[in-house]
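Student: Sequence:
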Amino acid sequence: MSTAALSSGGPGDAPDRGRPADALQRATGALSTAAMARMEQEMPWFRELSAEERSWVGQIVQAGIRGFVDWFRTGETSVSAGSPLASAVFGAAPRALTGVISLQQTVALIRLSIGVVELHVDEYLSPDDLPDVHGAVLLYGREVAFATAEVYARAAEVRGAWDARLEALVVDSVLRSEPDEAVLSRASALGWAGQGRVTVVLGAVPARRTETDIFDGVRRDARAAGMDALCATQGDRLVVVLGGVDDPHKAAEKVADRFGPGPVVVGPVTDDLSTAHLSARAALSAHRAATGWPEAPRPVHSDDLLPERVLAGDGHARRHLVDEVYVPLIEAKGALIDTLSTYFECGSALEATARALFVHTNTVRYRLRQIADLTGFTASDPRHALTLRMALALGRQSGRGLPRESP
1 MSTAALSSGG PGDAPDRGRP ADALQRATGA LSTAAMARME QEMPWFRELS
51 AEERSWVGQI VQAGIRGFVD WFRTGETSVS AGSPLASAVF GAAPRALTGV
101 ISLQQTVALI RLSIGVVELH VDEYLSPDDL PDVHGAVLLY GREVAFATAE
151 VYARAAEVRG AWDARLEALV VDSVLRSEPD EAVLSRASAL GWAGQGRVTV
201 VLGAVPARRT ETDIFDGVRR DARAAGMDAL CATQGDRLVV VLGGVDDPHK
251 AAEKVADRFG PGPVVVGPVT DDLSTAHLSA RAALSAHRAA TGWPEAPRPV
301 HSDDLLPERV LAGDGHARRH LVDEVYVPLI EAKGALIDTL STYFECGSAL
351 EATARALFVH TNTVRYRLRQ IADLTGFTAS DPRHALTLRM ALALGRQSGR
401 GLPRESP
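According to full-length UniProt numbering, the sequence shown is numbered sequentially starting from 1.
Hints are supplied without guarantee of correctness; some may be wrong.
[Said to hold, decoys possible] Cβ pair distances, simulated, as ranges:
1) T291 to R208: 20 to 28 Å
2) G29 to S50: 30 to 38 Å
3) R355 to G217: 56 to 64 Å
4) D172 to A30: 29 to 37 Å
5) V359 to A204: 47 to 55 Å
6) R220 to E295: 51 to 59 Å
What the hints contain is simulated information worked out from the structure, not anything from laboratory work.
Glycine included, each C-beta is placed from N, C-alpha and C at the ideal position.
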(Lines of atoms letter the chains of each structure in order from A and count residues from 1; the text may use other names and numbers.)
(Lines give C-alpha, C1' and ligand atoms only; values in the text may rest on other atoms or scores of the structure.)
Protein backbone atom coordinates (compact mmCIF):
# COMPACT_ATOMS: atom_id res chain seq x y z
CA MET A 1 0.00 0.00 0.00
CA SER A 2 1.33 3.48 -0.89
CA THR A 3 2.13 6.29 1.53
CA ALA A 4 -0.64 8.36 0.00
CA ALA A 5 -3.09 5.55 0.62
CA LEU A 6 -1.97 5.23 4.18
CA SER A 7 -2.30 8.98 4.67
CA SER A 8 -5.90 8.83 3.61
CA GLY A 9 -6.79 6.14 6.15
CA GLY A 10 -8.87 6.53 9.25
CA PRO A 11 -8.18 8.82 12.18
CA GLY A 12 -6.10 6.26 13.94
CA ASP A 13 -3.96 5.45 10.90
CA ALA A 14 -0.50 6.96 10.42
CA PRO A 15 1.54 7.01 7.20
CA ASP A 16 4.48 4.61 6.98
CA ARG A 17 7.41 7.03 6.77
CA GLY A 18 10.21 4.52 7.21
CA ARG A 19 10.87 3.89 3.50
CA PRO A 20 10.97 7.57 2.35
CA ALA A 21 12.94 8.52 5.48
CA ASP A 22 15.57 5.89 4.65
CA ALA A 23 15.81 7.22 1.09
CA LEU A 24 16.17 10.79 2.35
CA GLN A 25 18.80 9.65 4.83
CA ARG A 26 20.90 8.22 2.01
CA ALA A 27 20.49 11.46 0.01
CA THR A 28 21.49 13.82 2.85
CA GLY A 29 25.03 14.36 1.58
CA ALA A 30 23.93 15.12 -1.98
CA LEU A 31 21.20 17.49 -0.79
CA SER A 32 23.65 19.33 1.47
CA THR A 33 26.12 19.72 -1.38
CA ALA A 34 23.38 21.08 -3.64
CA ALA A 35 22.30 23.55 -0.95
CA MET A 36 25.87 24.81 -0.45
CA ALA A 37 26.26 25.28 -4.21
CA ARG A 38 23.05 27.32 -4.32
CA MET A 39 24.25 29.46 -1.42
CA GLU A 40 27.51 30.14 -3.23
CA GLN A 41 25.58 31.35 -6.26
CA GLU A 42 22.70 33.26 -4.67
CA MET A 43 23.98 34.65 -1.36
CA PRO A 44 26.75 37.26 -1.67
CA TRP A 45 27.16 37.46 2.11
CA PHE A 46 27.97 33.73 2.18
CA ARG A 47 30.84 34.22 -0.26
CA GLU A 48 32.29 36.92 2.01
CA LEU A 49 32.57 34.57 4.99
CA SER A 50 35.90 33.05 5.90
CA ALA A 51 36.58 29.43 4.98
CA GLU A 52 36.12 28.38 8.59
CA GLU A 53 32.81 30.23 8.89
CA ARG A 54 31.53 28.79 5.61
CA SER A 55 32.45 25.31 6.78
CA TRP A 56 30.61 25.96 10.02
CA VAL A 57 27.50 27.19 8.18
CA GLY A 58 27.74 24.08 6.00
CA GLN A 59 27.55 21.95 9.13
CA ILE A 60 24.41 23.84 10.15
CA VAL A 61 22.87 23.11 6.73
CA GLN A 62 23.71 19.41 7.00
CA ALA A 63 22.32 19.28 10.52
CA GLY A 64 19.15 20.97 9.28
CA ILE A 65 18.62 18.43 6.53
CA ARG A 66 19.40 15.51 8.82
CA GLY A 67 17.04 17.10 11.33
CA PHE A 68 14.29 17.14 8.72
CA VAL A 69 14.79 13.45 8.03
CA ASP A 70 14.62 12.58 11.73
CA TRP A 71 11.63 14.86 12.24
CA PHE A 72 9.84 13.34 9.25
CA ARG A 73 10.55 9.82 10.44
CA THR A 74 9.07 10.45 13.90
CA GLY A 75 6.00 12.21 12.51
CA GLU A 76 6.28 15.31 14.75
CA THR A 77 4.17 18.35 13.89
CA SER A 78 6.23 21.20 15.36
CA VAL A 79 9.76 22.30 16.21
CA SER A 80 10.54 24.51 19.19
CA ALA A 81 13.77 26.21 20.17
CA GLY A 82 14.09 24.02 23.24
CA SER A 83 13.38 20.71 21.49
CA PRO A 84 16.12 18.10 20.89
CA LEU A 85 15.70 18.63 17.17
CA ALA A 86 16.31 22.38 17.39
CA SER A 87 19.39 21.67 19.50
CA ALA A 88 20.62 19.23 16.88
CA VAL A 89 20.14 21.80 14.10
CA PHE A 90 21.72 24.77 15.84
CA GLY A 91 24.24 22.91 17.95
CA ALA A 92 25.43 24.07 21.34
CA ALA A 93 26.57 27.54 20.24
CA PRO A 94 23.64 29.79 19.21
CA ARG A 95 25.75 32.79 20.32
CA ALA A 96 28.41 31.85 17.77
CA LEU A 97 25.72 31.52 15.10
CA THR A 98 24.30 34.97 15.86
CA GLY A 99 27.80 36.42 15.78
CA VAL A 100 28.48 35.13 12.26
CA ILE A 101 25.23 35.76 10.41
CA SER A 102 22.11 37.77 11.13
CA LEU A 103 18.63 36.45 11.80
CA GLN A 104 17.49 37.45 8.29
CA GLN A 105 20.43 35.63 6.76
CA THR A 106 19.75 32.54 8.85
CA VAL A 107 16.10 32.46 7.78
CA ALA A 108 17.20 32.88 4.14
CA LEU A 109 19.67 30.03 4.61
CA ILE A 110 16.96 27.75 5.99
CA ARG A 111 14.53 28.75 3.26
CA LEU A 112 17.11 27.96 0.58
CA SER A 113 18.02 24.61 2.16
CA ILE A 114 14.38 23.57 2.40
CA GLY A 115 13.85 24.74 -1.17
CA VAL A 116 16.73 22.56 -2.36
CA VAL A 117 15.25 19.55 -0.55
CA GLU A 118 11.84 20.19 -2.11
CA LEU A 119 13.38 20.68 -5.56
CA HIS A 120 15.53 17.53 -5.56
CA VAL A 121 13.49 15.19 -3.42
CA ASP A 122 11.76 13.79 -6.51
CA GLU A 123 15.07 12.25 -7.59
CA TYR A 124 15.28 10.02 -4.50
CA LEU A 125 11.69 9.03 -3.72
CA SER A 126 8.98 7.02 -5.38
CA PRO A 127 5.98 8.96 -6.70
CA ASP A 128 3.74 7.44 -4.01
CA ASP A 129 5.86 9.02 -1.25
CA LEU A 130 6.14 12.50 -2.76
CA PRO A 131 2.87 14.14 -1.53
CA ASP A 132 3.55 13.31 2.12
CA VAL A 133 7.20 14.45 1.90
CA HIS A 134 6.39 17.72 0.09
CA GLY A 135 3.82 18.60 2.73
CA ALA A 136 6.28 17.77 5.49
CA VAL A 137 8.98 19.94 3.87
CA LEU A 138 6.72 23.00 3.90
CA LEU A 139 5.67 22.43 7.52
CA TYR A 140 9.26 21.80 8.65
CA GLY A 141 10.53 24.95 6.95
CA ARG A 142 7.94 27.07 8.71
CA GLU A 143 8.52 25.49 12.12
CA VAL A 144 12.31 25.73 11.91
CA ALA A 145 12.05 29.39 10.90
CA PHE A 146 10.03 30.05 14.07
CA ALA A 147 12.52 28.08 16.13
CA THR A 148 15.34 30.12 14.59
CA ALA A 149 13.71 33.37 15.65
CA GLU A 150 13.31 31.98 19.17
CA VAL A 151 16.97 30.92 19.29
CA TYR A 152 18.06 34.41 18.26
CA ALA A 153 15.73 36.02 20.79
CA ARG A 154 17.15 33.90 23.60
CA ALA A 155 20.70 34.58 22.50
CA ALA A 156 19.97 38.30 22.40
CA GLU A 157 18.49 38.11 25.90
CA VAL A 158 21.57 36.33 27.23
CA ARG A 159 23.89 38.73 25.43
CA GLY A 160 21.92 41.70 26.78
CA ALA A 161 22.22 40.41 30.35
CA TRP A 162 25.95 39.81 29.88
CA ASP A 163 26.46 43.27 28.38
CA ALA A 164 24.57 44.86 31.29
CA ARG A 165 26.84 43.14 33.82
CA LEU A 166 29.93 44.11 31.83
CA GLU A 167 28.76 47.72 31.58
CA ALA A 168 28.10 47.90 35.31
CA LEU A 169 31.60 46.53 35.92
CA VAL A 170 33.18 49.20 33.70
CA VAL A 171 31.27 52.05 35.37
CA ASP A 172 32.09 50.68 38.81
CA SER A 173 35.78 50.57 37.88
CA VAL A 174 35.61 54.22 36.84
CA LEU A 175 33.96 55.20 40.11
CA ARG A 176 36.49 53.19 42.12
CA SER A 177 39.45 54.80 40.32
CA GLU A 178 40.57 51.55 38.73
CA PRO A 179 41.37 52.55 35.16
CA ASP A 180 43.43 49.90 33.40
CA GLU A 181 43.69 48.15 30.06
CA ALA A 182 41.03 45.63 31.08
CA VAL A 183 38.52 48.44 31.63
CA LEU A 184 39.29 49.96 28.24
CA SER A 185 38.96 46.54 26.59
CA ARG A 186 35.61 45.89 28.26
CA ALA A 187 34.31 49.30 27.24
CA SER A 188 35.41 48.65 23.67
CA ALA A 189 33.48 45.36 23.70
CA LEU A 190 30.37 47.38 24.61
CA GLY A 191 30.80 49.64 21.58
CA TRP A 192 32.73 52.47 23.27
CA ALA A 193 34.46 54.33 20.45
CA GLY A 194 37.20 55.71 22.69
CA GLN A 195 37.31 59.02 20.85
CA GLY A 196 37.07 62.44 22.44
CA ARG A 197 37.06 63.57 26.03
CA VAL A 198 34.97 62.08 28.83
CA THR A 199 32.74 63.33 31.64
CA VAL A 200 30.62 61.67 34.33
CA VAL A 201 27.02 62.67 35.12
CA LEU A 202 25.23 61.68 38.34
CA GLY A 203 21.64 61.94 39.52
CA ALA A 204 18.75 60.02 40.99
CA VAL A 205 17.27 56.92 39.38
CA PRO A 206 13.81 57.74 37.98
CA ALA A 207 10.93 55.92 39.65
CA ARG A 208 8.75 53.35 37.91
CA ARG A 209 11.25 52.79 35.11
CA THR A 210 13.27 49.67 34.36
CA GLU A 211 17.02 49.84 33.95
CA THR A 212 16.68 48.75 30.34
CA ASP A 213 14.32 51.63 29.52
CA ILE A 214 16.49 54.16 31.35
CA PHE A 215 19.75 53.04 29.76
CA ASP A 216 18.24 52.78 26.26
CA GLY A 217 16.91 56.33 26.58
CA VAL A 218 20.29 57.68 27.73
CA ARG A 219 22.08 55.92 24.87
CA ARG A 220 19.62 57.25 22.29
CA ASP A 221 20.05 60.82 23.52
CA ALA A 222 23.83 60.45 23.64
CA ARG A 223 23.99 58.95 20.14
CA ALA A 224 21.84 61.75 18.76
CA ALA A 225 24.40 64.21 20.17
CA GLY A 226 27.35 62.26 18.75
CA MET A 227 28.49 60.86 22.10
CA ASP A 228 29.19 57.44 23.61
CA ALA A 229 27.42 56.47 26.84
CA LEU A 230 27.96 53.89 29.56
CA CYS A 231 25.28 53.56 32.26
CA ALA A 232 24.88 51.90 35.64
CA THR A 233 22.78 52.24 38.76
CA GLN A 234 24.22 52.17 42.25
CA GLY A 235 21.44 52.06 44.77
CA ASP A 236 19.21 55.05 44.07
CA ARG A 237 21.90 56.78 41.98
CA LEU A 238 22.16 56.72 38.19
CA VAL A 239 25.69 57.06 36.79
CA VAL A 240 26.32 57.98 33.15
CA VAL A 241 29.78 58.14 31.57
CA LEU A 242 29.74 60.21 28.38
CA GLY A 243 32.47 60.11 25.72
CA GLY A 244 33.16 62.49 22.86
CA VAL A 245 32.40 65.52 25.02
CA ASP A 246 33.37 69.11 24.20
CA ASP A 247 31.34 71.05 26.74
CA PRO A 248 30.42 69.05 29.89
CA HIS A 249 27.39 71.19 30.74
CA LYS A 250 25.92 70.92 27.23
CA ALA A 251 26.64 67.19 27.22
CA ALA A 252 24.83 66.73 30.54
CA GLU A 253 21.86 68.74 29.29
CA LYS A 254 21.33 66.13 26.56
CA VAL A 255 20.66 63.38 29.11
CA ALA A 256 19.45 65.35 32.18
CA ASP A 257 15.79 64.51 31.55
CA ARG A 258 16.58 60.80 31.95
CA PHE A 259 17.34 61.27 35.66
CA GLY A 260 14.88 61.28 38.51
CA PRO A 261 13.98 64.29 40.69
CA GLY A 262 16.78 66.13 42.47
CA PRO A 263 20.18 67.49 41.48
CA VAL A 264 21.97 66.29 38.37
CA VAL A 265 25.72 66.88 38.65
CA VAL A 266 28.33 66.76 35.90
CA GLY A 267 32.03 66.36 36.60
CA PRO A 268 34.93 68.04 34.79
CA VAL A 269 36.05 66.80 31.39
CA THR A 270 39.01 64.41 31.30
CA ASP A 271 41.15 63.33 28.37
CA ASP A 272 39.83 59.77 28.02
CA LEU A 273 38.20 56.86 29.82
CA SER A 274 41.43 55.98 31.65
CA THR A 275 41.24 59.32 33.52
CA ALA A 276 37.45 59.45 33.87
CA HIS A 277 37.78 58.55 37.56
CA LEU A 278 38.85 62.16 38.16
CA SER A 279 35.55 63.38 36.76
CA ALA A 280 33.67 60.72 38.72
CA ARG A 281 35.36 61.70 41.97
CA ALA A 282 34.37 65.36 41.59
CA ALA A 283 30.83 64.47 40.50
CA LEU A 284 30.32 62.09 43.44
CA SER A 285 31.51 64.70 45.93
CA ALA A 286 29.33 67.39 44.34
CA HIS A 287 26.28 65.14 44.30
CA ARG A 288 26.66 64.40 48.02
CA ALA A 289 27.03 68.12 48.79
CA ALA A 290 24.35 69.38 46.38
CA THR A 291 21.69 69.58 49.10
CA GLY A 292 23.56 72.64 50.41
CA TRP A 293 22.44 74.59 47.33
CA PRO A 294 18.75 73.81 46.72
CA GLU A 295 18.49 76.46 44.00
CA ALA A 296 21.26 74.89 41.90
CA PRO A 297 20.53 74.60 38.19
CA ARG A 298 19.93 71.19 36.67
CA PRO A 299 22.44 70.04 35.54
CA VAL A 300 25.06 71.75 37.69
CA HIS A 301 28.82 71.53 37.24
CA SER A 302 30.80 70.05 40.12
CA ASP A 303 33.00 73.20 40.20
CA ASP A 304 29.92 75.31 40.88
CA LEU A 305 29.47 73.33 44.09
CA LEU A 306 33.02 73.82 45.37
CA PRO A 307 31.92 75.77 48.49
CA GLU A 308 29.44 73.05 49.49
CA ARG A 309 32.01 70.35 48.77
CA VAL A 310 34.54 72.08 51.03
CA LEU A 311 31.99 72.38 53.83
CA ALA A 312 31.20 68.68 53.40
CA GLY A 313 34.87 67.85 54.00
CA ASP A 314 36.09 67.25 50.43
CA GLY A 315 39.88 67.63 50.56
CA HIS A 316 40.16 67.63 46.76
CA ALA A 317 37.81 70.62 46.57
CA ARG A 318 39.85 72.39 49.24
CA ARG A 319 43.09 71.84 47.33
CA HIS A 320 41.42 72.89 44.10
CA LEU A 321 40.42 76.28 45.53
CA VAL A 322 43.90 76.84 46.91
CA ASP A 323 45.86 75.63 43.89
CA GLU A 324 43.58 76.85 41.11
CA VAL A 325 42.20 80.08 42.59
CA TYR A 326 44.25 81.43 45.49
CA VAL A 327 47.79 80.63 44.30
CA PRO A 328 47.27 82.07 40.78
CA LEU A 329 46.03 85.31 42.37
CA ILE A 330 49.06 85.44 44.65
CA GLU A 331 51.44 84.78 41.78
CA ALA A 332 49.77 87.21 39.35
CA LYS A 333 51.39 90.54 38.62
CA GLY A 334 49.68 93.53 40.18
CA ALA A 335 47.61 93.76 43.32
CA LEU A 336 44.87 91.30 42.42
CA ILE A 337 44.72 89.53 45.77
CA ASP A 338 44.64 92.84 47.68
CA THR A 339 42.00 94.25 45.36
CA LEU A 340 39.79 91.19 45.80
CA SER A 341 40.15 91.23 49.59
CA THR A 342 39.41 94.95 49.79
CA TYR A 343 36.45 94.58 47.42
CA PHE A 344 34.83 92.06 49.75
CA GLU A 345 35.72 94.08 52.87
CA CYS A 346 34.02 97.11 51.33
CA GLY A 347 30.77 95.24 50.72
CA SER A 348 31.50 94.69 47.01
CA ALA A 349 31.24 98.42 46.33
CA LEU A 350 33.50 99.66 43.54
CA GLU A 351 33.77 103.27 44.76
CA ALA A 352 34.56 102.29 48.34
CA THR A 353 37.16 99.79 47.10
CA ALA A 354 38.79 102.43 44.91
CA ARG A 355 38.99 104.90 47.82
CA ALA A 356 40.48 102.28 50.13
CA LEU A 357 43.14 101.39 47.57
CA PHE A 358 43.72 105.02 46.43
CA VAL A 359 43.05 104.08 42.78
CA HIS A 360 40.46 105.00 40.19
CA THR A 361 37.20 103.03 40.00
CA ASN A 362 38.08 101.88 36.50
CA THR A 363 41.28 100.38 37.88
CA VAL A 364 39.21 98.28 40.29
CA ARG A 365 36.96 97.19 37.42
CA TYR A 366 39.99 96.24 35.33
CA ARG A 367 41.52 94.18 38.14
CA LEU A 368 38.24 92.38 38.82
CA ARG A 369 38.07 91.45 35.13
CA GLN A 370 41.61 90.10 35.41
CA ILE A 371 40.56 88.02 38.41
CA ALA A 372 37.61 86.59 36.46
CA ASP A 373 39.86 85.75 33.48
CA LEU A 374 42.43 84.10 35.75
CA THR A 375 40.11 82.06 37.99
CA GLY A 376 36.88 81.71 36.05
CA PHE A 377 34.93 83.32 38.90
CA THR A 378 33.35 86.79 38.76
CA ALA A 379 33.50 88.65 42.07
CA SER A 380 30.23 90.53 41.43
CA ASP A 381 28.28 87.26 41.06
CA PRO A 382 26.94 86.11 44.46
CA ARG A 383 27.75 82.41 43.90
CA HIS A 384 31.19 83.17 42.48
CA ALA A 385 31.84 85.60 45.31
CA LEU A 386 31.16 82.81 47.82
CA THR A 387 33.70 80.60 46.05
CA LEU A 388 36.30 83.37 45.93
CA ARG A 389 35.81 84.22 49.60
CA MET A 390 36.30 80.59 50.53
CA ALA A 391 39.39 80.36 48.34
CA LEU A 392 40.88 83.38 50.11
CA ALA A 393 40.20 81.88 53.54
CA LEU A 394 41.56 78.46 52.64
CA GLY A 395 44.58 79.93 50.92
CA ARG A 396 45.49 82.00 53.94
CA GLN A 397 45.05 78.99 56.21
CA SER A 398 47.36 76.97 53.99
CA GLY A 399 50.16 79.50 54.34
CA ARG A 400 50.78 79.43 50.58
CA GLY A 401 52.26 82.65 49.22
CA LEU A 402 53.11 84.10 52.61
CA PRO A 403 56.64 85.39 53.24
CA ARG A 404 58.79 82.99 55.24
CA GLU A 405 59.86 84.04 58.71
CA SER A 406 63.57 84.56 59.32
CA PRO A 407 65.19 81.77 61.32
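Student: Output the indices of the hints that this structure fails to meet, ascending.
Tutor: The structure conflicts with hints 2, 4, 6, although it agrees with all the remaining ones.
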